[in-house]
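Please model the complete structure; the sequences and the hints are all you need to start from.
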Amino acid sequence: MEQLGDLEADIMDRVWSARGPVAVRDVRALLAPERPLAYTTVMTVMDRLFHKGWLTRERAGRSYRYQPALSRSAYTAQLMRSVLSGADDRGLALLHFVQAMDATEYETLREAVQWHSASRGRGGEEPAP
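Plus 320 on top of the position in the sequence shown (first one is 1) and you've got this note's numbering.
Hints in this document: simulated from the structure, not taken from any laboratory.
The calculated label-pair distances, taken between Cβ atoms and stated as ranges, are: (1) Ala-413 / Arg-385: 36 to 42 Å; (2) Gly-411 / Asp-326: 30 to 36 Å; (3) Arg-355 / Val-433: 34 to 40 Å.
Everything numeric in this text was worked out from a predicted model, so none of it was measured. Note that CB positions come from ideal geometry on N, CA and C, so glycine has one too.
Laid out in structure tokens, this is it:
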């Protein structure tokens with residue numbers, strides 16, 4: 321899985337944080353305090369993210385409104401799977417990952433594993449958002 325570049329990640333962060341579809345000008349305005357960029361730069365990167373499958377878009381007049389194709393948590397899960405698939409010993413990599421967790425993260429993982437085990441017996445429904 322392809323990781324996001326710095327500017328792509330900043331743009332995706334703003335799109336993920338939005339409460340609905342966003343225009344290029346909206347994202348540019350959100351980036352401006354930390355990263356003042358030309359409108360065309362933001363537009364080009366968002367177009368690339370669309371063509372890479374990270375964003376969806378709908379025509380809104382003469383421009384587009386964009387939304388993430390994946391939620392932030394789904395992206396994170398795919399990234400974690402990608403990293404894990406490159407490990408020589410997946411079990412050992414998972415062990416190191418679990419050892420690095422704090423108590424709250426560990427409890428969240430334990431609950432997710434329990435939910436997953438229970439859901440297999442119910443036909444494997446997706447978790448509630």
